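Just so you know, the numbering used here puts 13 at position 13 of the sequence shown, and the rest follows in order with no gaps.
Worth flagging that the hints you see were computed from the coordinates, not collected in a lab.
None of these values were measured; they are calculated from a predicted model.
Certain hints may be false.
What the hints assert, rightly or not - List of simulated lysine to any residue pairs, SDA-like, C-alpha gap at most 25 Å:
#1 K109 <-> A155
#2 K109 <-> P64
#3 K109 <-> E247
#4 K109 <-> L182
#5 K109 <-> R127
#6 K109 <-> R88
#7 K109 <-> T149
#8 K109 <-> Q54
#9 K109 <-> Q96
#10 K109 <-> E245
#11 K109 <-> R180
#12 K109 <-> G291
#13 K109 <-> P72
#14 K109 <-> V298
#15 K109 <-> D9
#16 K109 <-> E225
#17 K109 <-> D313
#18 K109 <-> Q132
#19 K109 <-> H86
#20 K109 <-> E49
#21 K109 <-> P235
#22 K109 <-> A95
#23 K109 <-> D188
Unchecked claim - Pairwise CB distance ranges, derived in the manner of DEER restraints:
#24 V99 <-> T140: 38 to 44 Å
#25 V33 <-> F130: 22 to 28 Å
#26 S230 <-> D97: 34 to 40 Å
#27 E73 <-> R181: 22 to 28 Å
Note that beta-carbon positions come from the ideal geometry of N, C-alpha and C, so glycine has one too.
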Amino acid sequence: MVARSTSSDLLRERLRTLLGLGPGPESGDASLVGPTSASSSTGAASAPEPALVQVRTADGDEIPAFLLRPAPETATGAGVVLVAGHGRGIDDLVAQDPVDDFHDGLAHKLVRAGFTVLCPEMVSFGRRRFPQPEGQAGYTVPYEPTENTCGIDAARHLLHGRPVMGHRVADARAAAQALRRLPGVDPDRVGVAGGSGGGAVALLLAAVDPSIAAALVATYFCTFEASLCSIRHCPCNIIPGLLPELEMADIAALIAPRPLILEAGGLDHIFPIEATRAAFARLEGVWEEHGATPPELVVTDGGHAFRAERSLDALVERLA
């Protein structure tokens, strides 16, 4: 069981500081700019057309995002901020025919389950990659579709004293604020979901922001020691000062008593399942102290991929 010698509030503030978020909740609010009422007009069996919108933050920044609304007959009133893992960014989340190998049409799975889904683009991916420097005679080699700029962005942020992961968590939090303001969305039932790098954002956001109603974290929860500290990972994961005080289990415990669902691949080669099970065992009793339903660990028979089968059902049970 995770030791509770330090209060959750103090640990949460420590984590916020390490992420560069500062003490307490940020002031201001966020809103959506763009078409926010579109939904599937042909019934629940059809995929809604994603609407490209902008999340406008309290500082006036605008974050590209896809908004998907469920058909009225299936809408539950709950919302989910969905964060992409490494790849093309939000385009992977809404891709169909074919779907990408990791997310497998994830945004549409959530919409079919009755959620309103907002997919904000994270720094370093898709529409938010660092601009390429011009080459000779102004010639620049275009980015490949799946290419990211994590290495550049991680270095730039760390040199300024803030990890890029903190920037991503702040942007995901702004997306949650904006989603709560949409008609038809219950502001008390807005959760977060993501896998791999998106799972990191989902876990950290739910830990630092008690207003997040639930979290689904896939193919990320493990131990830092067995994953980031032992296997080559992207530098965007680096948050200086986390260890030894805040292992992943310590961060996950900050989500209690809110619902937490964890998905892991039994054959995941970069987040070893043995360490995932050991980290999960450290959570034993934390939720029970609050009289709440304990977190669930769903282990699939696959590798590093977000299946969203039993884990999605569990999210529906707890949030919708």
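Results of checking the hints against the structure:
Pair hint K109 plus A155 does not hold up; C-alpha atoms about 35 Å apart against a cutoff of 25 Å. As the CA atoms of K109 and P64 are separated by approximately 21 Å, the hinted pair is consistent with the 25 Å bound. With a C-alpha separation of about 31 Å, the suggested pairing of K109 with E247 is violated against the 25 Å cut-off. In summary, the hint linking K109 to L182 is supported, as the alpha carbons are separated by about 20 Å, within the 25 Å threshold.
Taking the CA atoms of K109 and R127, the gap is near 23 Å; set against the 25 Å cutoff, the hint holds. Under the criterion of a C-alpha separation no larger than 25 Å, the hint pairing K109 with R88 is consistent with the structure, at around 19 Å. Under the criterion of a C-alpha separation no larger than 25 Å, the hint pairing K109 with T149 is inconsistent with the structure, at around 28 Å. Using a Cα cut-off of 25 Å, the hinted pair K109 and Q54 holds, with the two alpha carbons roughly 22 Å apart.
Restraint check for K109 and Q96: satisfied, since their Cα atoms lie roughly 11 Å apart, inside the 25 Å limit. Only pairs whose Cα atoms come within 25 Å are accepted, and K109 paired with E245 is rejected, the gap being roughly 36 Å. At most 25 Å may separate the alpha-carbon atoms for a hinted pair to count; K109 and R180 meet this at roughly 20 Å. For the proposed pair K109 and G291, the alpha carbon gap of about 31 Å is over 25 Å, so the pair is violated.
This hinted pair checks out: K109 and P72 have alpha carbons roughly 16 Å apart, not beyond 25 Å. For the hint linking K109 to V298, the alpha-carbon distance of about 17 Å falls within 25 Å, and the restraint holds. A C-alpha spacing of about 34 Å is found between K109 and D9, which places the hinted pair above 25 Å, so the restraint is violated. Distance hint between K109 and E225 is unfulfilled; the C-alpha atoms sit about 33 Å from each other, more than 25 Å.
For a cut-off of 25 Å, the pair hint linking K109 to D313 stands: about 10 Å separates their Cα positions. Taken as a hint, the K109 and Q132 pair is broken in the structure, with Cα atoms around 35 Å apart against an allowance of 25 Å. Pair hint K109 plus H86 holds up; C-alpha atoms about 19 Å apart against a cutoff of 25 Å. Note on K109 and E49: the hinted pairing holds, with a Cα-Cα distance of about 13 Å set against a maximum of 25 Å.
For the proposed pair K109 and P235, the alpha carbon gap of about 30 Å is over 25 Å, so the pair is violated. A distance of roughly 12 Å separates the Cα atoms of K109 and A95; the hinted pair therefore holds under the 25 Å criterion. Using a Cα cut-off of 25 Å, the hinted pair K109 and D188 holds, with the two alpha carbons roughly 22 Å apart. Roughly 30 Å separates the CB atoms of V99 and T140, a value that falls outside the hinted 38 to 44 Å.
Separation of V33 from F130 is about 23 Å and conforms to the stated range, judged on CB atoms against 22 to 28 Å. Taken as a hint, the range 34 to 40 Å holds for the pair S230 and D97, whose Cβ atoms sit roughly 38 Å apart. At about 23 Å, the CB distance of E73 to R181 agrees with the hint of 22 to 28 Å.
Taken one by one, the earlier hints fail for this structure at numbers 1, 3, 7, 10, 12, 15, 16, 18, 21 and 24, listed in ascending order.
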